[in-house]
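*Asks:* Residue numbers (the working numbering), protein chains in the order written: chain A, 1 to 241; chain B, 1 to 306.
Keep in mind the hints are simulated off the structure, nothing from the lab.
Please note: incorrect hints may appear among the correct ones.
Claimed, not checked - Think about it this way: if two alpha-carbon atoms lie no more than 27 angstroms apart in a straight line, the pair counts; the simulated BS3-like pairs of lysine-lysine are: (1) A/K174 with A/K236; (2) A/K218 with A/K32; (3) A/K32 with A/K78; (4) A/K75 with B/K98; (5) A/K78 with B/K98; (6) A/K78 with A/K9; (7) A/K78 with A/K118; (8) A/K69 with B/K188; (9) A/K63 with A/K224; (10) A/K224 with A/K236; (11) A/K218 with A/K75; (12) A/K118 with A/K131; (13) B/K292 with A/K63; (14) A/K113 with A/K63; (15) B/K188 with A/K78; (16) A/K218 with A/K236; (17) A/K24 with A/K9; (18) A/K113 with B/K188; (19) B/K188 with A/K75; (20) A/K75 with A/K131; (21) A/K69 with A/K218; (22) A/K174 with A/K218; (23) A/K131 with B/K188; (24) A/K24 with A/K224.
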Amino acid sequence: MTNPQAILKLTDVHTYYGNIHALKGISCSISKGEIACLIGANGAGKSTTLMTIFGVQRASQGKILFNGKPIQDLKPEKVAALGVSQTPEGRQIFPRMSTYENLEMGAFLRRDKGEVQKDLEWVFSLFPVLKDRMGQLGGTLSGGEQQMLAIGRALMSRPELLLLDEPSLGLAPKLVEVIFETILQINQDSGTTIFLVEQNANMALGISDTGYVMETGKIVLADKSSVLLESEQVKKAYLGE
Amino acid sequence: MDLSSFLLQQIINAVFLGSIYSLIALGYTMVYGIIELINFAHGELFTAGAFIGVIVLTALQQMGFVETHFVLTMIIVFVMSMSYVAVLGVAVEHVAYKPLRTSSRLSALLSALGMSIFLSNGMMLSQGVSDRAYPQVFGIEGIEFMGARITNGQIFIIILAVALMVGLQLFVHRTRLGKAMRATAQNKTMARILGIDIDQTIRITFMIGPALGAAAGVMVGLHYGAVRFDMGFIFMIKAFAAAILGGIGSIPGAMLGGLIIGTIEVMWAAFLPSAWKDVTTFTVLIMVLYFKPSGLLGEGTTEVRV
Ligand SMILES: Nc1ncnc2c1ncn2[C@@H]1O[C@H](COP(=O)(O)OP(=O)(O)O)[C@@H](O)[C@H]1O
Ligand SMILES: [Mg+2]
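So here's chain A without its partners, still in its complex pose (with noise of 0.2 angstroms):
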């Protein structure tokens, strides 16, 4: 696939865990302002594409590009100073400091409070139930609490990236749709690219415009996520048609 307003633009990615090749070469590349969505089942290498991207991990081999830049070297630390942000798997709340400090850190990196404080506003108007948590301790949140918090916290960053790691995962159904509609909302609002890593292959496909699906390692089938959808191979595996 070439794209020329591509934002994010791995090639041939290889990542190891000692000696397990948890990543075996993955090419993906994601335009501009769109959702794009990575499924797989249970240990096929989705959580370890997002923290290879960030620098958590490290690639062997291979490229990573945002806009154009190679940050396959970079920490994690300069990764965000990029423009990248990430909620990753298990949501990683500090549990001993309060939902507003939580979201505070969030905007580490950021100097203009005034639009802080914007922004501040714009995710307590995402997830409302924040607001009435602001001085409760991250650690005494429910589950669903800290899966909005994790993505109010990315979003503090203003990032131009945001990589969504199983956002649904543990919540119950009419939570999860909640989720699904402010990710949408997310990306209506602030043109913000999301990169979303999902099992719930059904609402992910739904809501984004490119779709992968990654199977031990490999990203086997890349196409329009409408196309997807419909994709005899896809339904059987993933949709449980």
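Since the structure of chain A is already known, use the hints to place chain B with the ligands on it.
*Replies:* Same frame as chain A, but now just chain B with the ligands:
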């Protein structure tokens, strides 16, 4: 002296000793909080602070500076001791702990022990093995009230200790860097993902913790009138117990733990055979840990709910 004034006197002594233990305990707890390592070299950093204090104070006294500029003298002594030890703390981290950050806990622990022995020997060689007298700048003047007595030196030390602890609380809760430090302590990978330079926050922890220990070292020197290369040991044991009692990793816990250990020690010595006071301290510690293994204010679990 009647019982109530005797009791008041013991409370004064307990707060005094307790605040010194608290200051030292903070160094253990902050370092543990951020890299889950017991900094065995902390006792030596405390002693180093006491030595820098005596060296600077003696020099200033010989210049006749103490009589003319008392407040300035104290500022210079504390600032120099604390900054020197802050730099030493960062050096210890860089040399002994940073290279082992991803190795096993046992290697880091051994490295910490090695650092402790190295610093202790360094001080023995450079400062000698005998007691070194601290200039007695406070004299014996004090305030009497309700039959109890508190010296000017004690008042000064308690106020300074409290100010340092309040300052620390403000730093970690109100400043950007302080919050980054707490975030690093709670989840390093997430902190990095948010753009926090964790090498920097760890370095800052290794400046603040030892600097507080150095301040306590100068306080001990000023009050007891002497320092020696191995003085860190007994304070280290007590402060370490205080940190554990309060809940290692918890800043308010270290403050509370120090106060409790100081109180037990003073009260026991006041009313019961003082030879047993240290045994009692540790009995209480063991009992608290039996009922609450994470310490008084420690977190039962640091895991985030999924
Ligand atoms: N920290 C780790 N150490 C060793 N192996 C890991 C680690 N994290 C993930 N793996 C392995 O890498 C593969 C991909 O995992 P992951 O990226 O978490 O998959 P997914 O997010 O798609 O469920 C799996 O086989 C998993 O066991
Ligand atoms: Mg995963």
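*Asks:* Now tell me, hint by hint, if it's right for this structure.
*Replies:* Do the hints match the structure? See the list:
1. Of the supplied pair hints, the one linking A/K174 and A/K236 holds, its CA atoms being roughly 25 angstroms apart against a limit of 27 angstroms.
2. With a C-alpha separation of about 23 angstroms, the suggested pairing of A/K218 with A/K32 holds against the 27 angstroms cut-off.
3. Distance check on the hinted pair: A/K32 and A/K78 sit about 20 angstroms apart at the alpha-carbon level, within 27 angstroms; holds.
4. A hinted pair counts as satisfied when its Cα atoms are at most 27 angstroms apart, and A/K75 with B/K98 qualifies at roughly 17 angstroms.
5. With a C-alpha separation of about 20 angstroms, the suggested pair A/K78 and B/K98 falls inside the 27 angstroms cut-off, and the hint holds.
6. Between A/K78 and A/K9, the direct Cα distance comes to roughly 17 angstroms. Compliance with the 27 angstroms bound is thereby established for this hinted pair.
7. The hinted pair formed by A/K78 and A/K118 meets the criterion: a straight-line CA distance of about 24 angstroms does not exceed 27 angstroms.
8. Only pairs whose Cα atoms come within 27 angstroms are accepted, and A/K69 paired with B/K188 is accepted, the gap being roughly 26 angstroms.
9. Note on A/K63 and A/K224: the hinted pairing holds, with a Cα-Cα distance of about 23 angstroms set against a maximum of 27 angstroms.
10. About 18 angstroms separates the Cα atoms of A/K224 and A/K236, which keeps this hinted pair within 27 angstroms; it holds.
11. Using a Cα cut-off of 27 angstroms, the hinted pair A/K218 and A/K75 holds, with the two alpha carbons roughly 24 angstroms apart.
12. In summary, the hint linking A/K118 to A/K131 is supported, as the alpha carbons are separated by about 14 angstroms, within the 27 angstroms threshold.
13. Between B/K292 and A/K63 the alpha-carbon distance is near 51 angstroms, which puts this suggested pair outside the 27 angstroms criterion.
14. For the hint pairing A/K113 with A/K63, the CA-to-CA distance comes to about 35 angstroms; that exceeds 27 angstroms, so the pair is violated.
15. Between B/K188 and A/K78 the CA atoms are separated by roughly 15 angstroms; this keeps the pair inside 27 angstroms, and the hint holds.
16. Distance hint between A/K218 and A/K236 is fulfilled; the C-alpha atoms sit about 19 angstroms from each other, no more than 27 angstroms.
17. Restraint check for A/K24 and A/K9: satisfied, since their Cα atoms lie roughly 16 angstroms apart, inside the 27 angstroms limit.
18. Between the alpha carbons of A/K113 and B/K188 the distance comes to roughly 25 angstroms, so the proposed pair stays at or under 27 angstroms and holds.
19. A distance of roughly 13 angstroms separates the Cα atoms of B/K188 and A/K75; the hinted pair therefore holds under the 27 angstroms criterion.
20. With a C-alpha separation of about 33 angstroms, the suggested pairing of A/K75 with A/K131 is violated against the 27 angstroms cut-off.
21. For the hint linking A/K69 to A/K218, the alpha-carbon distance of about 24 angstroms falls within 27 angstroms, and the restraint holds.
22. Our distance criterion of 27 angstroms between C-alpha atoms is broken by A/K174 and A/K218, whose separation comes to about 32 angstroms.
23. The hinted pair formed by A/K131 and B/K188 meets the criterion: a straight-line CA distance of about 26 angstroms does not exceed 27 angstroms.
24. Restraint check for A/K24 and A/K224: the C-alpha separation of about 23 angstroms stays at or below 27 angstroms, so the hint holds.
Consistency with the previously given hints fails for numbers 13, 14, 20, 22, ordered from lowest to highest.
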